[in-house]
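The listed protein sequences derive, respectively, from chains A and B.
Quick note on numbering that gives the first Met the number 0: the first sequence kicks off at 0 and runs consecutively.
Quick note on numbering that gives the first Met the number 0: the second sequence kicks off at 0 and runs consecutively.
One should not assume that every hint holds.
Examples of chain B residues toward chain A, derived with CB under 10 Å [said to hold, decoys possible]:
#, residue
1, Leu-83
2, Gly-129
3, Ala-144
4, Thr-153
5, His-157
No lab work stands behind these hints, which were simulated from the structure alone.
By construction, the Cβ of each residue, glycine as well, lies at the ideal position given by its N, Cα and C atoms.
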Amino acid sequence: MSARTLWLALTALAMVPSLAGAHGDIKGLGSFYAGALHPFLVPAHLVALLGLGLLVGQRGLAFGRYPMLALLLALLTGLVASGSVAGFDLERPVLGGAALCALAVVAALPLPRWALFALAALIGAGIGLGSAPEGRFESARWSSLAGTGLGAFLAVIVVGALVDRLRPSWARVGIRIAGSWLAASALLVLALSFVTTPPVRGSSPVAGANAAR
Amino acid sequence: MSARLRLVLLLLMLAGTDAALAHSDAQGLAGGFFSGFAHPLRGLDHLIAMVGVGLWGAFLGRPAIWVLPVVFPLVMAFGGLLGLIGMPLPGVEVGIALSALVIGAMVALAARPPLWVAAVIVGAFAVFHGHAHGTELPEAANALAYSLGFVIATGLLHLAGIAFGLLVRWPLGNRAVRAGGGCIAAAGVGFLFGVW
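Kindly generate the complete structure, drawing on both the sequences and the hints.
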């Protein structure tokens, strides 16, 4: 075989490997990391955390200190109690909280601290209760729950801190526009969840989100 | 060409083929998001009208520059809900074509209606766009991921229009923006009469 043919053959072989299918499943990541990723893989949770982060950042991280504490406590309580509330629809409260946060961001409402406190507690509890890992050993379960709590809390802190630092007027407008995107999506799916089974889809409107858990 | 070389070239061609990434069978979260994200980009009528919304917002200046891109997704979500639950809305395609025609004409004619009028016009057309996106939710795709996808893509198209519309502060840029509005209106006429 000539060098040219060999080179072509090697090129062909190099092209054979296609898209890597890694991480199609969360298997192999370890229970803590899998738990930490969980809030980012459940769209309702992610939208709620982003909405809350935007709101906390918009009001100022210093203003949001106690609401963040409420988020942490509600998350921990929800995660600990998560095994005992199976069967409840937790997506609606979380999406409702997300929609309220995002609408407040859009309107740049100067929410009082108690309202921010209540929203943080609602979202924290909803995410905590809705994050029960299934079919794990006891130690792995607690490890996963700890990861979920840390991941969710850090998500809000990081988004809040980033938004808090944004001072130019165009950036503040950008935050409100991002809030409108979150509000639109959350309201759409929230409304959809109240509508009876759609005739075209053949499945529950929230089935996709539930299946992602 | 030698037989061996032909064989290698054939291997190369075979290796070049990949999995078809059709949108209709999108599954789960990533599929839902990307399917939703791609939907406004795949339709030229959606794309042009969304750029037009951003262009008009920038042309009108503050606060329309951000009010219109905020109003649009919120009202579009309502239209999306109608589409998702399968509620028929007559004249969706006509409404989408008219959105490009009307919004483009507003920019081309340098129309400066009160903010609430501009918001009502944009919001009315947003229902048609949302309905079209909602109707095409793929089976098994996550509804929230899909809606996030099409809302974000729509917002980014608004941003593209705003970026172009910012040229309006210069005399030559003003003419370019108005000409852009004229092109969008002309495209709307084309969509209306099925030219494209």
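Each hint tested on the structure:
1. Leu-83: Nearest chain A Cβ about 6 Å off; hint holds.
2. Gly-129: Interface hint status for B:Gly-129: holds (8 Å vs cutoff 10 Å).
3. Ala-144: holds, 5 Å
4. Thr-153: Holds, about 8 Å.
5. His-157: holds, 8 Å
Against the hints set out earlier in the document, no violation occurs for any number.
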